[in-house]
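Student: Given next are the chains, with one letter for each unit.
There are 4 protein chains.
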Amino acid sequence: MGSVDQVPVVLVGATGYTGVEALRLLHAHPGVRLAGLCADRRAGQPLADHLPAWTDIPLPPVERFDADAVAASGAIAMLAVPHGTAQTTTAELLARGVRVIDLSADHRFDDPAVYAAVYAPHQHPESLKHTVYGLPELHRASIREARLVGVPGCYPTAVTLAALPAVRAGLLAEGEAVLADCKSGVTGAGRSPGPGNIFGETSEGFRAYKTLAHRHAPEMARNLGGRTVHFVPHLVPMNRGILATVYLRLAPGVDAARVRDAYATAYADEPFVSVLPDGAHPDTRNVRGTNRCHVGLFVADRLLCVQSAIDNLGKGAAGQAVQCLNLMAGRPETEGLTQAALFP
Amino acid sequence: MGSVDQVPVVLVGATGYTGVEALRLLHAHPGVRLAGLCADRRAGQPLADHLPAWTDIPLPPVERFDADAVAASGAIAMLAVPHGTAQTTTAELLARGVRVIDLSADHRFDDPAVYAAVYAPHQHPESLKHTVYGLPELHRASIREARLVGVPGCYPTAVTLAALPAVRAGLLAEGEAVLADCKSGVTGAGRSPGPGNIFGETSEGFRAYKTLAHRHAPEMARNLGGRTVHFVPHLVPMNRGILATVYLRLAPGVDAARVRDAYATAYADEPFVSVLPDGAHPDTRNVRGTNRCHVGLFVADRLLCVQSAIDNLGKGAAGQAVQCLNLMAGRPETEGLTQAALFP
Amino acid sequence: MGSVDQVPVVLVGATGYTGVEALRLLHAHPGVRLAGLCADRRAGQPLADHLPAWTDIPLPPVERFDADAVAASGAIAMLAVPHGTAQTTTAELLARGVRVIDLSADHRFDDPAVYAAVYAPHQHPESLKHTVYGLPELHRASIREARLVGVPGCYPTAVTLAALPAVRAGLLAEGEAVLADCKSGVTGAGRSPGPGNIFGETSEGFRAYKTLAHRHAPEMARNLGGRTVHFVPHLVPMNRGILATVYLRLAPGVDAARVRDAYATAYADEPFVSVLPDGAHPDTRNVRGTNRCHVGLFVADRLLCVQSAIDNLGKGAAGQAVQCLNLMAGRPETEGLTQAALFP
Amino acid sequence: MGSVDQVPVVLVGATGYTGVEALRLLHAHPGVRLAGLCADRRAGQPLADHLPAWTDIPLPPVERFDADAVAASGAIAMLAVPHGTAQTTTAELLARGVRVIDLSADHRFDDPAVYAAVYAPHQHPESLKHTVYGLPELHRASIREARLVGVPGCYPTAVTLAALPAVRAGLLAEGEAVLADCKSGVTGAGRSPGPGNIFGETSEGFRAYKTLAHRHAPEMARNLGGRTVHFVPHLVPMNRGILATVYLRLAPGVDAARVRDAYATAYADEPFVSVLPDGAHPDTRNVRGTNRCHVGLFVADRLLCVQSAIDNLGKGAAGQAVQCLNLMAGRPETEGLTQAALFP
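First to last, the protein sequences are chains F, V, S and E. Residues in the first sequence are numbered from 15 upward in steps of one, following our numbering. Residues in the second sequence are numbered from 15 upward in steps of one, following our numbering. Residues in the third sequence are numbered from 15 upward in steps of one, following our numbering. Residues in the fourth sequence are numbered from 15 upward in steps of one, following our numbering.
Extracted from the complex, chain F is given alone in its bound form (with noise of 0.2 Å):
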């Protein structure tokens, strides 16, 4: 029931947490028409025997996926399949012409070196020679054009939303690194039942997880111009959010009125970064569900601390992905995303 002007958008992977809400966000997207939708586990499926919030509502069927037919239909591919994976979906896309945005990790460094230090060697590195990294705050023109956009990490996007501007403005002290102290809701865990997010075992405790061992502390480092990021995940009861606490070694004479002016700057343009009034607090249930991005900046001596809010699987994840698709199909960079977060 699209419309005529509606960006065609192929959603392959659509069971785990990202592509669930990837679906709702898409689907509620007054310029996008769904034109598939590819799982291959539940293909001829209707989504709503596993996914019963779908019931009555109407999607398109449930497919393998199927480059020819994805390339076909003239869409933008949005994929929401596990790391490995992604590298050969988007090279059979990629060949035929179809652009794509991955939400996986497969695509976030344009370095194959990088990225099998990081991960592991790439099967297609030739993709990478294409791929844009996907955080419109630091590369928006280039999204614009892309072939391929690699959705940044959820911990890299609230860590470089909370750093970049202080690095960029010269605020920091030479050669000191970035302290990176973050908390996740449990989806960031992934859908797969496991020790990792079972009730018992992530409802009423707290803990850290791969401290100084995470796998996104390059992805922050490359996007914070090279700095040692010192990363310390932990994982909080509840479903979504992230809250990043980062620290900050002021450079001598700047106060907290400079770092104020600095941010201010940064994101006065910025359609979803907001910077709190002095004090504020941010709380990751006050973007819940939604593309925003709340920032607090608080300064003592000569440390700065500045926290950053989002949803992972919104800003962190599948909402950051359509802000990249509205952009390169140049649609409103705020279309199907303004909506106010579900409170409580």
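Honestly, the hints are just simulated from the structure, not real lab data. Just so it is clear, the structure is predicted and the values come from calculations on it, not from any experiment. Glycine residues also receive a C-beta, built at the ideal position from the N, C-alpha and C atoms. Any given hint might turn out to be false.
Dumping the calculated SDA-like pairs for lysine to any residue here, alpha-carbon to alpha-carbon at most 20 Å [what the hints assert, rightly or not]:
{"#": "1", "chain 1": "V", "residue 1": "K224", "chain 2": "S", "residue 2": "R274"}
{"#": "2", "chain 1": "S", "residue 1": "K224", "chain 2": "F", "residue 2": "R274"}
{"#": "3", "chain 1": "S", "residue 1": "K224", "chain 2": "V", "residue 2": "P44"}
{"#": "4", "chain 1": "S", "residue 1": "K224", "chain 2": "F", "residue 2": "H64"}
{"#": "5", "chain 1": "S", "residue 1": "K224", "chain 2": "V", "residue 2": "L317"}
{"#": "6", "chain 1": "S", "residue 1": "K224", "chain 2": "V", "residue 2": "A270"}
{"#": "7", "chain 1": "E", "residue 1": "K224", "chain 2": "F", "residue 2": "D63"}
{"#": "8", "chain 1": "S", "residue 1": "K224", "chain 2": "V", "residue 2": "R345"}
{"#": "9", "chain 1": "F", "residue 1": "K224", "chain 2": "E", "residue 2": "L317"}
{"#": "10", "chain 1": "E", "residue 1": "K224", "chain 2": "F", "residue 2": "H64"}
{"#": "11", "chain 1": "F", "residue 1": "K224", "chain 2": "E", "residue 2": "A183"}
{"#": "12", "chain 1": "E", "residue 1": "K224", "chain 2": "F", "residue 2": "D315"}
Derived CB-CB ranges, DEER-like [unchecked claim]:
{"#": "13", "chain 1": "V", "residue 1": "P96", "chain 2": "F", "residue 2": "G239", "range": "27 to 35 Å"}
{"#": "14", "chain 1": "E", "residue 1": "A278", "chain 2": "S", "residue 2": "G58", "range": "20 to 28 Å"}
{"#": "15", "chain 1": "V", "residue 1": "P96", "chain 2": "F", "residue 2": "E190", "range": "47 to 55 Å"}
{"#": "16", "chain 1": "F", "residue 1": "G239", "chain 2": "E", "residue 2": "V132", "range": "33 to 41 Å"}
{"#": "17", "chain 1": "S", "residue 1": "L152", "chain 2": "V", "residue 2": "S206", "range": "41 to 49 Å"}
{"#": "18", "chain 1": "E", "residue 1": "P209", "chain 2": "S", "residue 2": "P22", "range": "21 to 29 Å"}
{"#": "19", "chain 1": "F", "residue 1": "G189", "chain 2": "V", "residue 2": "P96", "range": "57 to 65 Å"}
{"#": "20", "chain 1": "E", "residue 1": "S206", "chain 2": "V", "residue 2": "K143", "range": "41 to 49 Å"}
{"#": "21", "chain 1": "E", "residue 1": "G204", "chain 2": "F", "residue 2": "V128", "range": "44 to 52 Å"}
{"#": "22", "chain 1": "F", "residue 1": "Y223", "chain 2": "E", "residue 2": "P72", "range": "17 to 25 Å"}
Which stretches of chain S does chain V cover? Using the computed rule of at least three CB atoms under 8 Å from a CB of chain V, they are [said to hold, decoys possible]:
{"#": "23", "region": "41-47"}
{"#": "24", "region": "181-190"}
{"#": "25", "region": "193-207"}
{"#": "26", "region": "238-252"}
{"#": "27", "region": "294-302"}
{"#": "28", "region": "332-339"}
Fit chains V, S and E to the known structure of chain F by using the hints.
Tutor: Same frame as chain F, now just chains V, S and E:
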């Protein structure tokens, strides 16, 4: 920035959970222009000061309620103020020809004696001559023409949608009571801090309250043709959602097939009520943030167990109010209410 | 470090939630000496490797189960292994003269035909001749002498304690079924990760499961003198606790005072069952981590609504097992079970 | 029913979460006789009226506080009353020769000027001459002899136990600040209902509060030899637990092995502090309901990340108070505190 054919709406009360949810829905509604936002205690302050989720989202200024101003705006008024207060506000608006959708309990009965018996003497009984009970599945045609709509209680909505088809189709044994064992999220207890909604005494525990003594029972009984309703509400450690587990005694000879047929027929054309397939259990998470109601049917011997799931702030309050608004304004009934649940 | 007069106990199975709770209670029990700890898959590893809560707490080594070794130790065996497995383990132990407390479903019925109908054919039906149903409020004297105790299911414990005094005192209408609407925390679904217990699909939502088709119903019916029991279990987003809301039709002429009198009498000498005062609602949080059961009574017309709250891992499993152990070993019945709930 | 050699203890304040936890621990303590229970607002009422978890558990009557009566009882007094109030209560008791364990903030500093700077002018500065800071890992010998013990704050306990071995062993770079990113369950916000602890605004979200401006920072700094402490507390949607993630800059040449050695040595004889093996992450759920502290060590380059997990109501308050009580009374230090965590 509304277009010419949008419906102007003034929202009165935007600090409680119901009001904020109404604001969220109205703000996202493509056919509505938010013509005013009234909250006496917060007048003159940016809404984001106490609701930071609304930071940088354009809204009308928060003003004190002024019935003349509302009348001058030509808007429909949606009231999310406490019961008692709503009586006066409504009377002032009706007197000026403003159509009113009241989310409080004040206009759910058209008989002042009944209202007085359940709540307290009504201050403006003359308003009750105009009120229509805002359950579209019951009173769609009257709602279209109504000057005043009393939006149903959250529990009565869930229980009525669960039981009404069986009552209407004559499936139930004579003289048997309806037994409604209901479970609600904590937002049902409102936003004013108290022992009933603090984290330490609502999370990690489960209890009933007001057993067989809750004021929603008479509303249910009225909706179900005067049958006795035994109603026991429980408090679930979650934010949103009601599950009603309703037990009904079937008349001799009524079997599962006939039950299913009655429900399928009753809800065939209802855009927001889905009868789930055999064996499927409604889950509040599948309707969270929506105006939908999922219904499950289970029969054993002569017992019919119907389960219905709604969002208490959605179909149980603000979503239903918007559905009524659509009807009153001659808009498509589902406009602004087509989104899928936030999952998870 | 046990003293001479402590009871030696071997715990078989210490990886599931029930087994860990049994370990917690036995470890803290002043009258018990933990003589052995068996867990085949974890044998040879320190328990703290997979249960870090036990770091630096002295325990016997984890060993493979060996019936001869248990017999040689002179201990009572407490089994927290899956049903099915428990049949063989029990038979081996009984053959060696070891007294057994089985937490699984395998020895809750003394009739092999009933067991087969509810579960599957029993592999050691001869064991059933010796089994005593481990609900002290029903079978205290027999438990003292038992060679084998089958610890009741969690739901049957809650429902039986709620309904039995009314049944026994003849308060109920003839031929009327018992209706048990029950709500359990997520640990009731066990510790093996699956869609039924992952955080994203159990938190922030509420649903029933196995409506009118759960295997605990026949156990309840047997306990309640053969009355029909309609049983609907629900899943609460919390770790521990069961609230049973039980609906009973009173015989003509039975009023609230007579009901209260019957319950007060039935439980006057029961150390773990408390009948709450008029109007008070049992709450699972008030019995968390304990062997207690709180009972609330509500009467309207001829309907009796009894609510009982237990900890599904406490009075619903491991606590009850320890209560039986105390009886079998001639210890004070409340020994090791006197603590108050963890609040909150 | 206490035996002759039990220590008599009077608990003053039993309505807040800390007081109730103290009651739970004292009640279960085999070496303590609860000689009195004072709560002015609840005097004369059964405790179970507002704390139904205590239904049918024998306790002394709740009385108004009377310093003479406490003195006459020969008991040690444990105070769980608000700070400010505790100053007067303590002074009255000290004047009568009663030994006092104060859970409030009132006697954590021995310098009135420091107390005044952090809180407000002290009403009884003469008491501070007698106070001993109740962290046994720091002041065990003095606590044994103390007339007055000021139980440490929950955050300072977690941070001090995490950082002190590194400070004492001289592992840290000169002049570098300690950075303490801490996360606490909601009971840390107390039991008085308010926006900071209602379910709808604490569950399903995560935020910091009082960033770099919390009153516990000076207490930490004092404990750590006057080092600057940058302290950022966060609120976790769970009831109990603190995880402190503490970042420390190592002196040149200090490697992971030397760090581990220092911590192993420092805590070798500490009954309640466990240093977890390499790679293991402390989790608050593993210490819930206990007096234990789990410590994890992570080193990368010259950054040391120490994580410590405690129960804020246990080792962070009431558990620590009982540990001090044991020392003051000449009891085994671990008596009444040996239980394992409630899991889950």
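Student: Need the list of violated hint numbers for this structure, in ascending order.
Tutor: Hints 2, 3, 7, 8, 10, 11, 13, 18, 22, 23, 24 and 28 not satisfied by this model.
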